[in-house]
Amino acid sequence: MKKFNIRKVLDGLTAASSSSSANAQPGTPRENDVVQETLQSEHFQLCKTVRHGFPYQPSSMAFDPVQKILAIGTQAGALRLFGRAGVECYCQHESNAAVIQLQFLINEGALVSALADDSIHLWNLRQKIPAILHSLKFNRERITYCHLPFQSKWLYIGTERGNIHIVNVESFTLSGYVIMWNKAIELSTKTHPGPVVHISDNPMDEGKLLIGFESGIVVLWDLKSKKADYRYSYDEAIHSVAWHHEGKQFVCSHSDGTLTTWNVRTPAKPVQIITPHGKQPKDGKKPEPCKPILKVEYKTTRAGDPFMVLSGGLSYDTVGRRACLTVMHGKSTAVLEMDYPIVDFLTLCETPYPNDFQEPYAVVVLLEKDLVVIDLGQIGYPIFESPYPLTIHESPVTCCEYFADCPAELIPALYSVGCWQKRQGYSKKEWPISGGNWGQGTLSYPEIIITGHADGSIKFWDASALMLQVLYKLKTAKVFERARGKEEKPNTDIVDEDPFAIQTLSWCPESRMLCVAGVSAHVIVYRFSKQEITTEVVQLLEVRMQCEFSDVDSPDPGGEQTPTLPTPGASSSPQESELPTQPSTGSNSSDGPRDNIPCLQVRSSPLKQSPGYQVELVIQLVWVSGEPPQQITSLAINSSYGLVVFGNSNGLAVVDYLQKTLLFHMGTSELYSPSDPFQRQPRSPRKAKPSGAMCDSNDGSNASEDRCRSPTSAKMSRKISSSSEQKTDLDAKDNSFTRSRSSSVTSIDRESREAISSFYYCESFSRKTDSLVSPCLLVGTTHGSVMMVALNLPPAGDQRLQQPVGIASCGTLVKLKGGILTMSLLDATGTLLPPSFEQWYDPNASDEEKEKGRKRRPASPPSSQESQDTHFAILCSEKQAKVVALPSQTRIYKHSITETSFVLRADVVQMAGANCIACFCANGHIMTLSLPSLRPLLDVNYLPLTDMRIARTFCFSNLGQALYLTSPTEIQRITYSQETCDNLQEMLSELFTPVETPEAPNRGFFKGLFGGGAQSLDREDLFGETSAGKASRSLAQHIPGPGNMEGMKGAASGVVGDLARARIALDERGQKLGELEERTAAMMASAESFSKHAHDMMLKYKDKKWYQL
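In the working numbering, the protein residues as written are 132 to 1240.
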């Protein structure tokens, strides 16, 4: 019987409804002309892949010394596990409660987590996606501390009430054995000792348990006799306790900054009291109290002095001093300053056995915003170089872009220039957290993530094969002068802080051209070069984009305004124009409004530029008559045309970065109609001298060094006049709206003003009458309008550098609901037509090498049939998507994406050899639409918008990849590809690898003879149900987890998977054998009982006659 597929039925229905929504207009493709679409619903599935970055708000940490895996828990209930470079894993507790403690079952592939909601969970790490096997929720007591001895299955849990409960980690059931606080402390003590802050067993005697109470009382509890052997009391509260490996001494850290050392058998007083950071008075008095020592670890070595590592304990007079880790080794004390407060630290040792010399070799320090590993084996305690991408948040991320399937040579090129930026002075040893194995993914293509940051830096990351590694860092703030003090801070800033923050960026991977826009209304164009250069003067272009509502500039407020624009035939060159010129010096005096002043000062000294991205041109918007420049809302660069276009709420500007001139500047409203007086072919100003485009950055103090200025830099009043035949009702409304405004625009007006939201370079038909394709620019606005701008480029070569580029507005193409988010172009076969580009060449190489590597823009192919539509313009807004045929400009498909919400991000992406639109809505839905018919292929309610950070950083890429910033420090990658989801298990790294547990330390002949070695304890006999009884059912509730045997079977793969499966099979076989043995025993008992009954019956009726029965 043929399998019924509901997805295909839905595909057919949506295709029919989508086709029916197309207007039956001339130019609409007939049924046999419709592009054959290959994408179906079964190509799509949504799932998370990996999470990169530093765990946000970390709260606890644990380390498996045999597997060499590090686990970090967070305040939001997340778990992050780290092994060698590229081995990372993320999982989440459902309750989202803070993780207060983590304990590995060392070399067992399992982890116990204790949460702030008084629950404990057992995680199975033997599968690629860890799952919870068991959970236990305490009902009456709050968990404060957990301890799991090495190679033990009994977990000690201390509570706020001072009691200690014991849990079997195999079955996650409570033992009836309980240590009550009132039995642990002396009967004469009248006060409660406080919560349990420490539990550990004596390294040499598992039957002795050391219990630390917050009030300062420490108890050595004999598990067998169920009584306290010794009690140790100190006046100050305890924060942590650490054993010497021989089990004869232990150290306590206290809230007054002291460390007390105790002999086990002399509980009367400590043998030593020290205050590591306290000032020692000369008269022998007690040193001044210090801040609490939050944690201490005491580790011994065979060859030398022991290490004592502690956090906190600084004196109170060190106000403002950063958090410190103190390492005491012999007579030396090293104080290591940290950049952030310390959350926790762990000393890594050679052995997992607590009763052997520990031989510490490193300290892992978990900070609030960083992870530091210190090498204890080298002089000066250098840190290890981290292989993890934990510096995403070094400066807050302000924008993000994702490029999958990049040119193969890009990553090596970026790495080669980025490797020189690495810091020096790291430890020469290998990274000590080295567990796990990489995944064996079949999908391997170059992927690059670019992050823009608040300090003006841009980072390029290699994101291939589900890993993340920083390749190169670019600091855009180097181009500008920095204020040395508060008094020097310029008062022209339009942002209170982070004036260099990256707003948006445009990158061409093939040509490696980069263009970035910052919040201070500045644009920087970069070229990539492998050679170092020194730029004597940074080339600057200032652009004066003023509000189009400028009626107040009119000398006659009562009469009809007369446009002072040049005629269509007039030149727009500032050198030739008859417009009144402005002085090049900006006015910022107290008597007049600020004018012609940029927000940032470009540096005047020579700029040394290392290999990598080097500044080609800086473009700055300036203040206009006291109005600050509006922030840039959209940006696009095209290496083939040599153009940069950017827009904001005042309009758009096109800059020729080859000639360093402004070509075109127009208000948003003036783009609507082609009959506008501004409809002309503006010419680029020819340079009178070679340095004509280079601008002095000394604020124009020297009048002879004129700045480059916009052709529209003179104050002018603009009024829209367009012919009635081409003006739509919408345009009329827009113009009546603009005439009634004044230049003193309120903040509300700025918000409602139509801004440029999207650009797309293409080679298509700019007008209905065109029969040949030519370079064009699609312009989208926040009010849903899409306009076409025609570009007339001179021939390549010297003519391109000398002749001006012609630009003409061709009017409105189409109108959509909501702001335009993305635009693209398909040919008649449905193939994506990406913007043309120029192949990369090194601008600082010799002329021969330049010509060798440089490929010119290909000539536009002529259209084969003049009468038929050959292009499809794909347009997507916040509410809907439309497909428009070109050159006829008829709408052929339309789809309403959302009515109640709005789209935050939309991208046209390549997927499974075809194209589609991927959308992320504010209501959390992720959707994909086929092209060109706009059939819905995927609609999943994935992630409700809880943070503007997600809206700002969410981006789609080709081949079914997407990402967003899930926290200020972490990037979450997801896939919407069925193929990637199917291969995810293979691609993910493995945490657990089979490793032999090291041999236990040798007791030695005499210790074995006289019983001086470690004493073992049969915990099963002590804590088991037969001797300890059952625990109270109301104390805790057992919750079985989803990570059962079936989950383990499905998740295990590779060599480790085979071993895990073999182990599971053995476990199952053992279980079956056990069950068989139990059944056999039951059958034997049943047979014996039957035999006994039969014998009794026989005896009863043996001597009776048949008639007596």
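I should point out that these hints are in silico values taken from the structure, not numbers from a laboratory. A couple of the hints might just be wrong.
[What the hints assert, rightly or not] Straight-line C-alpha distance at most 27 angstroms; calculated DSSO-like pairs for lysine-lysine:
no., residue 1, residue 2
1, K199, K560
2, K559, K500
3, K1025, K1010
4, K604, K422
5, K560, K604
6, K410, K268
7, K410, K422
8, K268, K1161
9, K268, K321
10, K357, K422
11, K199, K462
[Said to hold, decoys possible] Pairwise CB distance ranges, derived in the manner of DEER restraints:
no., residue 1, residue 2, range
12, A434, E317, 40 to 46 angstroms
13, R554, L318, 58 to 64 angstroms
14, E1130, H1226, 40 to 46 angstroms
Backbone N, C-alpha and C fix where the C-beta goes; we use that ideal spot for every residue, glycine too.
Status of the hints after comparison with the structure:
Distance check on the hinted pair: K199 and K560 sit about 15 angstroms apart at the alpha-carbon level, within 27 angstroms; holds. With a C-alpha separation of about 24 angstroms, the suggested pair K559 and K500 falls inside the 27 angstroms cut-off, and the hint holds. Straight-line distance between C-alpha atoms of K1025 and K1010 comes to about 11 angstroms, which keeps the hinted pair within the 27 angstroms bound. As the CA atoms of K604 and K422 are separated by approximately 39 angstroms, the hinted pair breaks the 27 angstroms bound.
A distance of roughly 25 angstroms separates the Cα atoms of K560 and K604; the hinted pair therefore holds under the 27 angstroms criterion. Restraint check for K410 and K268: the C-alpha separation of about 47 angstroms exceeds 27 angstroms, so the hint is violated. Of the pairs offered as hints, the one joining K410 and K422 holds, with about 13 angstroms between alpha carbons and a cut-off of 27 angstroms not exceeded. Annotation: proposed proximity of K268 to K1161 holds, straight-line Cα distance about 17 angstroms (limit 27 angstroms).
Distance restraint check for K268 and K321: the Cα-Cα separation of roughly 31 angstroms exceeds the 27 angstroms cut-off, and the hinted pair is therefore not satisfied. The straight-line distance between the Cα atoms of K357 and K422 is roughly 36 angstroms, outside the 27 angstroms bound, and the hint therefore fails. For the given pair, K199 sits about 31 angstroms from K462 by alpha-carbon distance, which is inconsistent with the 27 angstroms threshold. Separated by about 42 angstroms at the C-beta atoms, A434 and E317 satisfy the suggested range of 40 to 46 angstroms.
Checked against the given bound of 58 to 64 angstroms, the beta carbons of R554 and L318, roughly 60 angstroms apart, stay inside it. Separated by about 57 angstroms at the C-beta atoms, E1130 and H1226 break the suggested range of 40 to 46 angstroms.
Taken one by one, the earlier hints fail for this structure at numbers 4, 6, 9, 10, 11 and 14, listed in ascending order.
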